[in-house]
Amino acid sequence: MPELRKDPILGRWVIIATERARRPDNFSIQQQESPEEKECPFCEGSESHTPPEIYAVRAEDSAPNKPGWELRVVPSISPFLKIEGELDRRGKGLYDMMSGIGAHEIILETNQHVANICDLTEEHISKVITCYIDRMVDLERDQRFKYVLLFKNYGWAAGAGRTMHSRSQLIATPVTPKRVKEELAGSQKYYDYHERCVFCDLIKQEMDSKERLVLDIDGFIAIAPFASRFPFEIWILPKKHSCDFVRLDFNARLELARIMKKVLLKLKKGLSDPPYNYVIHTAPFRRAKVGFWKTVDEDYHWHIEIIPRLTRVAGFEWGTGFYICPLPPEEAARFLREVEL
Amino acid sequence: MIVDTDHPNKPEDFEFEPHIYKGGACPFCYGNESMTPPEIEVIRDQYTFPNSPGWQVRVVSNKFPALQIEGDLERRGLGIYDLSNGIGAHEVVIETPYHHKDIPDLEQFEIEHVISMLCQRGLDLIRDKRFKYIMVFKNFGAAAGASLEHPHTQIIALPMVPKNAMEEIKGAQDYFEFRERCIFCDIIRQELQEKERIVIENKRFVSFCPFVSRFPFEIWIMPKKHSCYFCHVQPEDLPDFAAILKETITRLKRVFPTVSYNFIIHSSPVNGSDEGVEGYHWHVELMPKLTRVAGFEWGSGFYLVSTPPELAAQYLKET
Numbered sequence: 006m007p008e009l010r011k012d013p014i015l016g017r018w019v020i021i022a023t024e025r026a027r028r029p030d031n032f033s034i035q036q037q038e039s040p041e042e043k044e045c046p047f048c049e050g051s052e053s054h055t056p057p058e059i060y061a062v063r064a065e066d067s068a069p070n071k072p073g074w075e076l077r078v079v080p081s082i083s084p085f086l087k088i089e090g091e092l093d094r095r096g097k098g099l100y101d102m103m104s105g106i107g108a109h110e111i112i113l114e115t116n117q118h119v120a121n122i123c124d125l126t127e128e129h130i131s132k133v134i135t136c137y138i139d140r141m142v143d144l145e146r147d148q149r150f151k152y153v154l155l156f157k158n159y160g161w162a163a164g165a166g167r168t169m170h171s172r173s174q175l176i177a178t179p180v181t182p183k184r185v186k187e188e189l190a191g192s193q194k195y196y197d198y199h200e201r202c203v204f205c206d207l208i209k210q211e212m213d214s215k216e217r218l219v220l221d222i223d224g225f226i227a228i229a230p231f232a233s234r235f236p237f238e239i240w241i242l243p244k245k246h247s248c249d250f251v252r253l254d255f256n257a258r259l260e261l262a263r264i265m266k267k268v269l270l271k272l273k274k275g276l277s278d279p280p281y282n283y284v285i286h287t288a289p290f291r292r293a294k295v296g297f298w299k300t301v302d303e304d305y306h307w308h309i310e311i312i313p314r315l316t317r318v319a320g321f322e323w324g325t326g327f328y329i330c331p332l333p334p335e336e337a338a339r340f341l342r343e344v345e346l
Numbered sequence: 121m122i123v124d125t126d127h128p129n130k131p132e133d134f135e136f137e138p139h140i141y142k143g144g145a146c147p148f149c150y151g152n153e154s155m156t157p158p159e160i161e162v163i164r165d166q167y168t169f170p171n172s173p174g175w176q177v178r179v180v181s182n183k184f185p186a187l188q189i190e191g192d193l194e195r196r197g198l199g200i201y202d203l204s205n206g207i208g209a210h211e212v213v214i215e216t217p218y219h220h221k222d223i224p225d226l227e228q229f230e231i232e233h234v235i236s237m238l239c240q241r242g243l244d245l246i247r248d249k250r251f252k253y254i255m256v257f258k259n260f261g262a263a264a265g266a267s268l269e270h271p272h273t274q275i276i277a278l279p280m281v282p283k284n285a286m287e288e289i290k291g292a293q294d295y296f297e298f299r300e301r302c303i304f305c306d307i308i309r310q311e312l313q314e315k316e317r318i319v320i321e322n323k324r325f326v327s328f329c330p331f332v333s334r335f336p337f338e339i340w341i342m343p344k345k346h347s348c349y350f351c352h353v354q355p356e357d358l359p360d361f362a363a364i365l366k367e368t369i370t371r372l373k374r375v376f377p378t379v380s381y382n383f384i385i386h387s388s389p390v391n392g393s394d395e396g397v398e399g400y401h402w403h404v405e406l407m408p409k410l411t412r413v414a415g416f417e418w419g420s421g422f423y424l425v426s427t428p429p430e431l432a433a434q435y436l437k438e439t
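Residue numbers (the numbering used here), protein chains in the order written: chain E, 6 to 346; chain Y, 121 to 439.
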């Protein structure tokens, strides 16, 4: 019997199509071929192929934009948005426009030609997390920006380019993205009514029922969400309430690195290295101004959403916001729990 | 959404997955009627039998329905979660007996038959009071999510209104209450005046690349006259609608011969969920599958459009 399930935060309904469910191991993919790789501009020694670095973790005696680095952040060669200029909001008839001001940076997560972040060590992944945090903190100082969206596209079908070199991207935007606003509004609404954080409640329920639990390590859990849009969608959440990803302390960064590595390795092993996206969902910059969101500290809870690209997303699903998930999250979680590392 | 005005993508810049016919046994082809569930509705020649050859348009239930038709809707809670059993209808409208004929290859009267069949099914499903929203959409090509290559349109009847539809309707309704005009009528007026985003226009319909495109070469087709429900298309509207649908997709395929695409018919909710829809205006959203939607779009709800709609309209107009 298929089920209609409602996302407790966004209020979005999804169909969990149990009847037509394929077995979990049948999802390893009919991928479209990715085009051939060219010479990698992101490896150590190719620093001149990228724009000058914004940030780097490098050996003390090494010079910027030269070898000797572990992690490097460079501006995108084909930025969606431009860093220079003033925001210029204007109208044209019915329509509203503004100039495309923003920052678009590429985080090169290793100097080696390694494709998947889960093949790096836990210590190294925790350095990547520190790098994410440092960039976010730095961009918060720019008064024009309201939000930093940090995400990864791994594999061609997930929107990555030709080069299979582990990297993430961040985009700082002058407006809070709609998708983020909806999540904030949904959490606030729940908090207004229950005086509890919806994510904290969700974590408690998932830890009790265990049906959708993939991993529970130290201060974090990984779950297949109740109203999954995609097969093997996974969320990683900190058990302790916090709205802001950048407040993670040193130990928590190591713990997050550990669970991320495990989850992504399970996907890689269990589903034959599928393409995936992940996005860090965190609170917007909180600057005092009119209409400032005062309660975000209490009502929002940062987390990471991972979506393996195992099925084609039809324009239909993007267009309607209505998803049909062909695999119940309970089965996805059980399958992933059983993948041995 | 973000439009790249400095380095716009030209049609040849897109690297999309081409739609190639693979063939093989097809349950939607002429003579294979027994491979589908029995037909619900059909346009067929006189003196031919149901579920046998002799048809032009055929409607069957989806063999792998996402929702099931029997039973009462039972909503329930599970801790903090809400769910219900999956009541609904999931039908397939087979547009033509011919495997290789997409809309551009059909005659205008054949397309009229398909459209009137869609309306007829919609009206019939609305009679079932459990259904609050009728979704009509087409996936053409594997890249656009079609699991069968034989051209078909799908109808899903839902027991609730999808969130995006609700938001769009609410947006339109807010505008309507504030200005006492329909926002879509205003959009049509502005587009017809500025002309730069218009693809084609006939007496009763207009197709254009919307100012707020989410995808490159996204096209909307709209009736010029205000109307809330697609199913209420009048017989006198049919020829113009069929003509503009055919012409628009033909032009899209001239620019991108092997493109996969989706279209979705956006219409008002029904059966008691349609309060305050007078400000809504039904329309078709046509989205060619030219790009891979990635982390940024999905995480932010922002869309990056590499070809400004004005330029896309120009390509489509001049092709």
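For the record, the hints were derived by calculation from the structure and aren't laboratory data. Small disclaimer: the values here were computed from a predicted structure and weren't measured. Hints are not guaranteed to be accurate.
[Stated by the list, open to error] List time: in silico PhoX-like cross-link candidates among lysine-lysine, alpha-carbon distance up to 25 Å:
| no. | chain 1 | residue 1 | chain 2 | residue 2 |
| --- | --- | --- | --- | --- |
| 1 | E | 266 | E | 245 |
| 2 | E | 245 | E | 186 |
| 3 | E | 186 | Y | 249 |
| 4 | Y | 290 | E | 183 |
| 5 | E | 11 | Y | 437 |
| 6 | Y | 290 | E | 194 |
| 7 | Y | 315 | E | 11 |
| 8 | E | 183 | Y | 283 |
| 9 | E | 11 | Y | 373 |
| 10 | E | 194 | Y | 283 |
Going down the list of hints, with the structure as the test:
| no. | hint | in the structure |
| --- | --- | --- |
| 1 | E:266 to E:245 | 20 Å, holds |
| 2 | E:245 to E:186 | 22 Å, holds |
| 3 | E:186 to Y:249 | 34 Å, violated |
| 4 | Y:290 to E:183 | 16 Å, holds |
| 5 | E:11 to Y:437 | 42 Å, violated |
| 6 | Y:290 to E:194 | 18 Å, holds |
| 7 | Y:315 to E:11 | 42 Å, violated |
| 8 | E:183 to Y:283 | 14 Å, holds |
| 9 | E:11 to Y:373 | 38 Å, violated |
| 10 | E:194 to Y:283 | 16 Å, holds |
Of the hints listed earlier, those the structure fails to meet are numbers 3, 5, 7, 9, in rising order.
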